[in-house]
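**Student:** For the record, the sequence lines run as chains X and P. If you number the first sequence the way numbering that gives the first Met the number 0 does, the last residue is 468 and the count never jumps. If you number the second sequence the way numbering that gives the first Met the number 0 does, the last residue is 203 and the count never jumps.
Think of the hints as simulated: they come from the structure by calculation, not from any bench. Careful: at least some of the hints might be erroneous.
[Claimed, not checked] In the EDC-like style, the derived pairs of lysine to aspartate or glutamate whose C-alpha atoms are separated by at most 16 Å in a straight line are:
id : chain 1 : residue 1 : chain 2 : residue 2
1  : P       : 181       : P       : 143
2  : P       : 150       : P       : 128
3  : X       : 160       : X       : 54
4  : X       : 319       : P       : 15
5  : P       : 181       : X       : 19
6  : X       : 185       : X       : 170
7  : P       : 181       : X       : 6
8  : P       : 158       : P       : 190
9  : P       : 38        : P       : 52
10 : X       : 462       : X       : 275
11 : X       : 160       : P       : 35
12 : P       : 202       : X       : 170
13 : P       : 139       : P       : 153
14 : X       : 161       : X       : 6
15 : P       : 158       : P       : 143
16 : X       : 161       : X       : 10
17 : P       : 202       : P       : 185
18 : X       : 161       : P       : 165
19 : X       : 462       : X       : 420
20 : X       : 90        : X       : 22
21 : X       : 42        : P       : 165
Each chain, letter by letter, is given below.
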Amino acid sequence: MVLTLFDKIWEAHVVARRADGRDLIYVDRHILHELHAPHAFRKLEAAGRNVRRPDLTFSALDHTPSSNPGRDENTNREGAPLIAAMREGSKRNGIRVFDLSDAEHGISHVVAPEIGMVLPGATHAVPDSHACTVGGLGALAFGCGTTELEHILATQVIALKKPKRMRIRLDGRIGPHARAKDVALKILSVIGSSGGRGYTIEYAGAAARALPIEGRLTLCNLTIEMGSRTGLIAPDDSAFSWLYGRPWAPTGAMWERALSEWKTLISDSDAQFDAELCIDCSDLEPQITWGTDPGQVVAISGRVPDPANAEADRRPLLEKALRYMGLTPGMAMEGLPVHRVFIGSCTNARLPDLQEAAAVVRGRKVAQGVHALVVPGSAKVRRDAEALGLDRVFREAGFVWGETGCSMCVGANGDKGERGERILSTTNRNFENRQGAGARTHLVGPTLAAAAAVTGKITDVRKLMTGEV
Amino acid sequence: MQPFTVVEGVAAPLLEDDVNTDQIAPLGSSAWMNPDYAKMFFARRRKTANGADEPGFVFNRPQFHAPEILVTGSNFGCGSSREAAVWCLQAAGIRCIVARSFADIFRENCLQNGIAPIVLDPDDAHAFEALAVTIDGRSKIRVDLAAQIIKLADGTVFKFELPLADRTRLLEGLDDIGLTMKHLSEITAYEERVSLQHPWRSKP
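Just chain P, same shape as in the assembly (with noise of 0.2 Å):
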């Protein structure tokens, strides 16, 4: 998983609550064995019902053709538990998300993949999101994980909190099957112990 420490670039404001999983990856072309996440990115927002490019959706104003932010509600990737909404993010550029909040499920998928997932205080996060909308684009924002801020291009710093074993997460883009492979010891005992204390559980 790649690392993340620092991010810089530009943010894109999606100022909507309750942004689904399905909006972001929606099925159809998921069904596939090898999926365009690029192509699937919003797919169905981008265009408009006879087909043709959506003008006002973000995604597709050229300043936004390649956003390592998103600026975002609250509830951000609700619905869905399908990991290829991270994957449709990423493929579109994106490496960090500043929300209002995240659905539980999501949440885990971006620290997953290297992904972070940044709540404001909310005073913060109103100022933050009118600035996003101010700077449309023009200048770069500045994600710095160990410090835990914000950065815009004129100065103004955002400081956020992100919890310790998640920054370290990210900051080392530790393998998590590696880092819970240290414990097989621990599992083949637990396994032990259930097959005596209770054997219905470890045999179907």
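Just chain X, with the same shape it has in the complex (with noise of 0.2 Å):
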């Protein structure tokens, strides 16, 4: 039989069918985390129910940290009853957590990866949309809400409606400047937020196939902002030989029988797609966001885009995110001046993410009135950064070299922007007020960030980095 390679993951993990048409996939890993599992776990003893597979469960303390420097669970008071639930409701449970003073530590979407948690071809859930990042790897992951995160706690299984299938074909080869994230950006540009609704995306073609894993795990993380649930990559060598090695990953025996069965991993050849889409990304500029909306997005080069060449339906909409920006249609990018820069998150938050920042930033300042604040995305990004010198780098120049957490990108650890600032962020979403009231979230890559600290402007890095601004 012909199948996908998201067909092959799915039909693998298929326990049952329900009367109601809805499959029960099994799901092999599972990550809570403070926000939502707390209350999951209070509806779960209520109704007398018990965690069905602790020992595939763990649970994550990544939303509400503080990323202050020398921080502890009470830093942000606000989380911290919820931090003391997580704890002591694992603590029942018999869950693993990955405490703010472990080495796993982090967000949850960096760390299971990085220790080898995530395996091609198997299954993972989160109760967050940004799940879907460990697609990278291979595997087929699913965000989800706290009723599902409930299911999953008591069956080990998700009910799902089998989603519909797209191939996003990037072809050509990715610039020197041009990173994953303004790959994603640009995908995001043609299809919008809604494009991927109802699908699972697989990212194929030669530039996904170029993509560092670190890169694939960015791309796979964007897939939510596309309205797709989950998105991922055909695992290859450079995955395995990524993977090989790290701490929760199979050894010896079992790493070849395990390694013999991913290369089974990949679309065949005549496999049917519900939808396909291919973009040439051999001459991608670095790209950011302008409006409120992640698919609002042009080139470093380009211009505010004007409502009057939209659609009349849509015209609101761009008004609106306009007069929230603070933007008239026609303005330029670059040199808009810039309050806040965030380096972090799910999104760009690894280590070649704060190589390539550091890079830019090294022999640099911040400029005078900017906020630059750098969260590695995990406690081991932290130590192998540090372990570079890039914390000096980054101190140096006059950044905040925070504690690890998901900070700044969703704004619940007491990290956030004042009304009116114009924020370069390396996250996901620019929604309105979601960086703080008010605030205007721009988002970019790394390198752009990091050129908008040290000029406190939008700055096209290619031209900071060749002395033309």
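With the hints in hand, could you dock these two chains into one complex?
**Tutor:** Spelled out as structure tokens, the structure:
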């Protein structure tokens, strides 16, 4: 039978077909976090149900911990009761917590691949829409709500209607100044924030295969911003060698056995997709969002679009976005003053992200009046970056070198911008008020964020590095 | 879960696309263990920058203080998977959402909580939205899920289709976990099979 990669993983995880037409999909690894799991524990206990597989379930503390250097669970007082409830609920149910002082602490979507918990062809669930990140290793991941989380705790399966299949073929060769984030933003500019609704997206093509694993994680991370619940990339030799030797990855004969199965995880050559899209990545410039929706993207050399050129029924939204962002049609993106820079999140806080940003920052200073924050995605990323001296590069330039967590991406830990501030952020959502009431977020990759921090304005990093600006 | 059969009430028009869950249930207050979902409901959009009520916002208008039906645009509920968005809508009294389309995770969260996510044909949607604006909460609208119709006070009828599986879940108010529990022996058999055939998956 001719199958797509997605179909292969799906079919291998179907436990049963329910009478209502939904498939029960087995969840190989389930990671909880403190915003939602305490509510699910409470509901589960009220219903007198047990956690079926505490050994496949893990608790992250990532959304609320403060990023202040030297922080503890009480530094962000709003989050403290959730962290306490998470620890207690996890203990009662025999679930391992990746606690604040543990070597494996961090954002779950960063930690799970990094320790080798995520495996190609396996399923993964997190009560967080960015669960899709780990599709970068060829895993099938689902972000879910609290009731679904409770369902998985009780049964280790998730009841899903099978989505349709979309393939996005990324052609060409990505140049030296574009990264996975730019590819994802480019796709968003084409299909918009709902173009992927109802689909699972497989990213394929030469440019996808050329991405390093961290870049694949970044690309898959932004799948939910396209409206798709999950996206993935066929695992290949670079995925296997990235995974090999990671603490939780299989070893010895088990590795060999797993590997021979993982090598079959590709879409068959004549597999059918319900939708296909090709994007040429050859001349891709660094990309930046101008509005309040992740699909509102232009190239860094571009200008703020004019709603008059859009379809009539889309105009009011575009006009509203312009008002919120304090922009007028035709303005150049380059040169807009920037007040705050955030480098972090499950999108762009892995070691290569910090290395790329540090290469821009090295030998420069954060511009006067700019508040610049770097929050590594995990304790390991933080340790590895410090071993390379990146913390010094950032600190000496005037950045705050924060403790790991979701931080300013979601603003649940006390880190946020002020009303009217323009923020360059390596995160995933530029919604109104996302990073603080009235704060104006532009989504970018790490190098554009770094360039803005040292110049105090939106700057084409290519020009900065060649001395043109 | 409360079964959904017939709901009759006021329909509040929020005719925008891409209303995300950050707007419906802003974080901050949800970071507490026992959030007040009624207070959280569109908390930021209900207020002006200086903290006064935003008079133009639909849910601040007196006739829409407790609407049973929400009428909105495409991709409703996009963004974060937070189920608090659905609990906020429930706390505001909403049992049924008529949208151009729904974000995938949000739609599932609706079904888990007995809220009917309804999509009309584009032409009907356009007409229904215009009528909802004209009626402006002055008369009630009836949503009959079994018959799959929306009926206005003047007798106008709009037909919609919700897949049978989703309809059954709502009509019967079924406990999803209970339904899956009926498959426990299959889950156990699956786990045994995986531990033999794909052992790296069964142990972290």
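**Student:** A separate judgement is required for each hint: does it hold in the structure or not?
**Tutor:** Verification of the supplied hints:
Distance check on the hinted pair: residue 181(P) and residue 143(P) sit about 30 Å apart at the alpha-carbon level, beyond 16 Å; violated. With a CA separation close to 13 Å, the supplied pair residue 150(P) and residue 128(P) stays within the 16 Å bound. The suggested pairing of residue 160(X) with residue 54(X) is violated, with an alpha-carbon distance near 27 Å, which exceeds 16 Å. This hinted pair checks out: residue 319(X) and residue 15(P) have alpha carbons roughly 11 Å apart, not beyond 16 Å.
With a CA separation close to 13 Å, the supplied pair residue 181(P) and residue 19(X) stays within the 16 Å bound. With a CA separation close to 13 Å, the supplied pair residue 185(X) and residue 170(X) stays within the 16 Å bound. Distance check on the hinted pair: residue 181(P) and residue 6(X) sit about 25 Å apart at the alpha-carbon level, beyond 16 Å; violated. For the hint linking residue 158(P) to residue 190(P), the alpha-carbon distance of about 44 Å lies beyond 16 Å, and the restraint is violated.
Distance check on the hinted pair: residue 38(P) and residue 52(P) sit about 13 Å apart at the alpha-carbon level, within 16 Å; holds. A hinted pair counts as satisfied when its Cα atoms are at most 16 Å apart, and residue 462(X) with residue 275(X) does not qualify at roughly 35 Å. Between residue 160(X) and residue 35(P) the alpha-carbon distance is near 32 Å, which puts this suggested pair outside the 16 Å criterion. Of the pairs offered as hints, the one joining residue 202(P) and residue 170(X) is violated, with about 38 Å between alpha carbons and a cut-off of 16 Å exceeded.
Restraint check for residue 139(P) and residue 153(P): the C-alpha separation of about 10 Å stays at or below 16 Å, so the hint holds. The suggested pairing of residue 161(X) with residue 6(X) holds, with an alpha-carbon distance near 9 Å, which does not exceed 16 Å. Distance restraint check for residue 158(P) and residue 143(P): the Cα-Cα separation of roughly 10 Å lies within the 16 Å cut-off, and the hinted pair is therefore satisfied. Distance restraint check for residue 161(X) and residue 10(X): the Cα-Cα separation of roughly 10 Å lies within the 16 Å cut-off, and the hinted pair is therefore satisfied.
Between residue 202(P) and residue 185(P) the CA atoms are separated by roughly 19 Å; this puts the pair beyond 16 Å, and the hint is violated. Under the criterion of a C-alpha separation no larger than 16 Å, the hint pairing residue 161(X) with residue 165(P) is consistent with the structure, at around 14 Å. For the given pair, residue 462(X) sits about 24 Å from residue 420(X) by alpha-carbon distance, which is inconsistent with the 16 Å threshold. Straight-line distance between C-alpha atoms of residue 90(X) and residue 22(X) comes to about 31 Å, which puts the hinted pair past the 16 Å bound.
This hinted pair does not check out: residue 42(X) and residue 165(P) have alpha carbons roughly 23 Å apart, beyond 16 Å.
Checked against the numbered hints above, the structure breaks hints 1, 3, 7, 8, 10, 11, 12, 17, 19, 20 and 21 and satisfies the rest.
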